[in-house]
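J.: Single-letter residue listing:
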Amino acid sequence: MALSNEQIQQRLIEKFGDQVSHFEEPYGMLTFDSPKELNMKVLQFLYDDQELGFQFLTDLTAVHYPAYKGRELAVVYHLHNLVANCRIRYKVFASVDQPDVYSATKLFAAANWLEREAYDFYGVNFVGHPNLIRIQNVPEMDYFPQRKEFPVEDQTRIDKDDEMFGRGGSFDFGNRQADGAPRQISEAEKG
Amino acid sequence: MNTTEKNILLPEGSIESRTTKLNLGPTHPATHGVFQNILELDGERIVSAEQTIGYIHRAFEKLAERKPLYQITPLTDRLNYCSAPINNMGWHLTCEKLLGIQTPKRVDYLRVIIMELARIADHLICNSIVGVDTGAYTGFLYVMQYRELIYEIWEEVCGSRLTTNIGRIGGFERDFNDIAFTKLEKFLNEYPDVLTEFENLFARNRIFMERTIGAGPISAERALNYGFTGPNLRAAGVDYDVRVHAPYSSYQDFDFIIPTGSTGDCYDRFLVRNQEMRESISIIRQAYQKIQDIKGAEGGVFHADVPEYYLPEKKDVYTKMEALIYHFKIVMGEIDIPPGEVYNSVEGANGELGFYLISDGGRSPYRLHFRRPCFIYYQAYEELVKGSMLSDAIIVMSSLNLIAGEMDG
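From first to last, the protein sequence lines are chains A and B. Heads up: the first sequence begins at 1 in the numbering used here, then just goes up one per residue. Heads up: the second sequence begins at 192 in the numbering used here, then just goes up one per residue.
Just so you know, the hints here were simulated from the structure itself, not pulled from any lab data. None of the values given here were measured: they were computed from a predicted structure. Heads up, the beta-carbon is just placed ideally off N, CA and C, and yes, glycines get one too. One thing to keep in mind: the hints can contain errors.
[Said to hold, decoys possible] In silico EDC-like links for lysine to aspartate or glutamate, alpha-carbon gap of 16 Å or less:
hint	chain 1	residue 1	chain 2	residue 2
1	B	Lys486	B	Asp366
2	A	Lys148	B	Glu252
3	B	Lys253	A	Asp97
[What the hints assert, rightly or not] Per the computed footprint, the stretches of chain B lying under chain A, defined by three or more beta-carbons under 8 Å from a beta-carbon of chain A, are:
hint	stretch
4	381-393
5	502-510
6	521-534
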């Protein structure tokens, strides 16, 4: 049983109309997104539908895009139909101020720790998760370390930027002023 | 004050509650790694288990956001350190997919040899540890000399043994030397008999069977729901193998079967791993034959022609201008990666090892996520051991092949 990306896309559009959007095929894998409120409806449909049958959750993770205002946090699901041997990637976006996304633990037992990890590192609040606590970091930690505002290097250093790694200026990596605006490094400070 | 209270100091409430809490780990020798299980025991029966991980979390995903591609390979070494070459090559294959690099057939076959050796090294550790945990130490010591031989082959190829950093984007850093091939032949000649002997020691051993049959079983449905992959899923009866379902590194050129079990218990996992080692030996033989069949100009190829990503040979750096330029650009991490989003997976020794790489066109990944198989399937541990005996908890743990480095990432 072959399952082509066009078929999946058509089936999704039939069901959800223009709620599912941004269909792409980077490196052959169908990628799309939907409003975050719909995530369980879409996942359940992908799971139950006779034709689609995406019943294996390969991976779940989060990505932080500070540049996308109002939809900074992406939750990415990689789903696999093992019978037809077809993979898809499904994304929902949430704002960093209110990162509530419905939990997929009812559908996939595998989502439990993956969601805890996404919460631990990005602060995505999975609504309905049975045990949403940190998994890799210490419970006392009060920030979400993989967000882009935390640079790998010491945040207190202002003499360095990411120029050498291709990201000079596009991210401030924590060098913010008190009001949150990016801090410009003066020539004098660079030394 | 009665005699019990006077003589034995018991924590508050411990007489009233009928269960006992036991901390298995984080430094208990039976966990074979740094992770913790808080078991609640009623006598010797397990009532509940709570897993705590993260003791050796090293933030590889965060670190990768500041490193050029080639510097991420040593990070992958430290995921599943029992079979580091598979992680290395999975990472290189991901980069090659993103960059659109086609590798020559000979490179693919050389990679297959190294990856299958890694699978054997990993499985033989796992299976012999199951033996140790059931009380048979002999098998462990016996197969250890063949893991040593595998490590010697890696040493000839890349110079290191455990955390190998083997290969480069596009191929290998150097061709295999004669010693490597001689040792490989020695391994192929001797190991099958040793494996048979190892199997004879365990597979029909009364004590071993009593201990492992029915210990920690899982149905195919539950295993899929829990995201099981690799030998643990196949032991439950699902023949999913990335090498077959999404062939990478020319796995489509090889004949091999996917061994499966039926009950998903420790015994089936043991048998599946043993059978996989046999298949791996067969794959290595085929790959070695194919390499010998490649003659002429292709005969000595060990990397793709991608000067922008493949570090040039040192003697060229001293004599050739382009080589010097590329050497400098690569070492300083000044090569921009094309923007893109790619998921690539390989069949790691304990399941589907996936790399989800997002590049925004910078010099290091914008986001890199490792799909670490044992992090995902360790969630099922409570379900596997609930209601069984304490001693089963140990075997289930070792037969799941839990590697703390991979779990914590």
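J.: Decide, hint by hint, whether the structure agrees.
T.: Outcome of the hint check:
Straight-line distance between C-alpha atoms of B:Lys486 and B:Asp366 comes to about 15 Å, which keeps the hinted pair within the 16 Å bound. Distance hint between A:Lys148 and B:Glu252 is fulfilled; the C-alpha atoms sit about 12 Å from each other, no more than 16 Å. Proposed proximity of B:Lys253 and A:Asp97 is contradicted: the alpha carbons are some 22 Å apart, above 16 Å. By the rule of at least three residues with a Cβ nearer than 8 Å to a Cβ of chain A, the coverage given for the stretch 381-393 of chain B is violated, with 0 such residues.
Interface restraint, the stretch 502-510 of chain B with chain A: violated (0 residues with C-beta to C-beta distance below 8 Å; minimum three). Counting residues of the stretch 521-534 of chain B whose C-beta sits closer than 8 Å to any C-beta of chain A gives 8, which meets the bar of three, so the coverage hint holds.
Checked against the numbered hints above, the structure violates hints 3, 4 and 5; every other hint is satisfied.
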